[in-house]
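K.L.:
We have chain A already, so just place chain B on it with the hints.
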Amino acid sequence: MSHNHEPFDQQVGDFLDSKLSKSERDAFVQHLNSCSECQGLVQTARDLQARAERWQAEPVPQWERLRYLFPQQKSSGLIWRWALIAACLFLGFASLLQVRVSWESNHFQIAFGPEPTVNPEQVATLIDQALTDYKQQQASALDDQLERTSLEMKLQNEKLLTRVMEQSRKDQREDMALLVSQLQKQRENDVEIMRVNFKTLMQENSRNREGLIALANIVEPKSKY
Amino acid sequence: MFGLVNDQALAKKALEGSGDAWERLVKKHEKNIYNYGLRMLGSPDQALDLLQETFFAVFRNLHQYDGVGSFSGWILKIASNRCIDLLRKRNPAAPKDDPDPAFEGLTETRLNPEETLHLSAEKNRLVQAMQKLPPEQAVILELKFFHGLTLDEVADHCGTSTNTVKSRFYSALKKMKIHLEAQNVA
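In the order they appear, the protein sequences are chains A and B.
Note that my numbering has the first sequence beginning at 2, numbered continuously upward.
Note that my numbering has the second sequence beginning at 10, numbered continuously upward.
Isolated chain A (complex conformation):
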């Protein structure tokens, strides 16, 4: 079924917003009663409204709200925080070391320690005295050190000499033992050689003697005649 929806197509929103005059509303309702298409649109609109009211909002995932938008502010804040810590540390150390800053003769003077209570001459005398004491202490300490070093060196030398002597004696003993051992060995060798030679000589003498006896036996009967 075909309908002429004008001007009702423009009035659907106003009808839903209750913005139609009474006469417009009556005419629209009359149109609705005869137009299933417009009825369906109004129903769809009410359905959408109901769905919107039932919509449970989905939770937002975690995201960086500050880093994304305040990079410079955060960085600036960090710098100020470190500057504050540094300033606190500086003041703490200054207080601990009793730092005093003063302006004298066109220049700054920075001093440490408590405020001086004596005049400069007294300070100079005290410094001279302290320096003299320090010098004497150092000289005395140096002498002691020298004496200790000298004594130590003497002991070290004696120890070294003793060790050298001991080593020398030991070496001599070892040399003598080696010499005796060599001589003994040589003597044994000589005795062995002599024994062999003597044995050979004895064998030759024996053979000579037998030869002489044999010769005498041959010569003796001839001498009887």
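Worth flagging that the hints you see were computed from the coordinates, not collected in a lab.
Here a beta-carbon is modelled for each residue, glycine too, at the ideal position from N, C-alpha and C.
Possibly wrong hints are sitting among the right ones.
[To be verified] 27 Å max Cα-Cα, derived DSS-like pairs, lysine-lysine:
#1 Lys20/A - Lys183/B
#2 Lys21/B - Lys98/B
#3 Lys40/B - Lys20/A
#4 Lys132/B - Lys86/B
#5 Lys98/B - Lys22/B
#6 Lys160/A - Lys171/A
#7 Lys183/B - Lys23/A
#8 Lys132/B - Lys21/B
#9 Lys21/B - Lys36/B
[To be verified] FRET-style restraints, in silico, Cβ to Cβ:
#10 Leu24/B - Ala87/A: 27 to 35 Å
#11 Ala87/A - Lys36/B: 29 to 37 Å
#12 Lys36/B - Leu79/A: 22 to 30 Å
P.N.:
Just chain B now, kept in the frame of chain A:
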């Protein structure tokens, strides 16, 4: 009224560099914008992108907020503009309106339906049906039903004439009727 003053005070403190004020302001409005993005874009990732881009734009223009009108309406306007820009970038060939009735109901879904599966069945059906509307029509339904604006207020919000909004509203309703009925049949 108290909320308006409170938002203004937070905005002022945020402009002065208070991260705490900014965070409170964002937390107060982020759920509204995120859910707007879910319905309009159909994807949690893109909804989060829209949320971040919106609040980035809000922060950059915070000094321009004059306190006339609600802060939430001002943020919503920024989000709507960003959202339509995103949808236009996604599908630059899509017509703003499709006056020829022969094409009604044939509009392609703007997003892969799988991307909306994380939602409940009813929400999923609604989001999928919304995805089939041209962005300019979808935003009218969004503002009308989910934010309670009259069509005159929607026209003011979108910077278009009331008659254009009424025509788009009528077309959007017709398409939604078709898509929702098709879902019921399926």
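K.L.:
Please work out if Lys21/B and Lys98/B have their alpha carbons no farther apart than 27 Å.
P.N.:
The given pair, whose Cα atoms are some 34 Å apart, is violated under the 27 Å limit.
K.L.:
Just tell me: holds or violated, for the beta carbon distance of Ala87/A and Lys36/B against 29 to 37 Å?
P.N.:
34 Å, holds
K.L.:
Does the alpha-carbon distance linking Lys98/B and Lys22/B stay inside the 27 Å limit?
P.N.:
35 Å, violated
K.L.:
Under the criterion that the straight-line Cα-Cα distance not exceed 27 Å, is the pair Lys132/B, Lys86/B satisfied?
P.N.:
Answer holds: Lys132/B to Lys86/B is near 23 Å, not above 27 Å.
K.L.:
Please verify whether Lys21/B and Lys36/B have alpha carbons no more than 27 Å apart.
P.N.:
The hint holds at about 16 Å.
K.L.:
Taking only the CA atoms, is the gap from Lys40/B to Lys20/A under or equal to 27 Å?
P.N.:
31 Å, violated
K.L.:
Assess, step by step, whether the Cα of Lys20/A is no farther than 27 Å from the Cα of Lys183/B, and give holds or violated.
P.N.:
Answer holds: Lys20/A to Lys183/B is near 21 Å, not above 27 Å.
K.L.:
May I ask you to test the hint 27 to 35 Å on the CB atoms belonging to Leu24/B and Ala87/A?
P.N.:
Taking Cβ atoms as reference, Leu24/B and Ala87/A lie about 29 Å apart, which means the hint holds.
K.L.:
Can you confirm whether the C-alpha distance between Lys132/B and Lys21/B stays at or below 27 Å?
P.N.:
37 Å, violated
K.L.:
Take a quick look at whether Lys160/A and Lys171/A sit within 27 Å of each other, Cα to Cα.
P.N.:
16 Å, holds
K.L.:
Take the C-alpha atoms of Lys183/B and Lys23/A, compute the straight-line distance between them, and say whether it is at most 27 Å.
P.N.:
25 Å, holds
K.L.:
Between Lys36/B and Leu79/A, is the Cβ distance one that fits in 22 to 30 Å?
P.N.:
For Leu79/A against Lys36/B, whose Cβ atoms are near 23 Å apart, the range 22 to 30 Å holds.
In this structure, the hints that do not hold are numbers 2, 3, 5, 8, in rising order.
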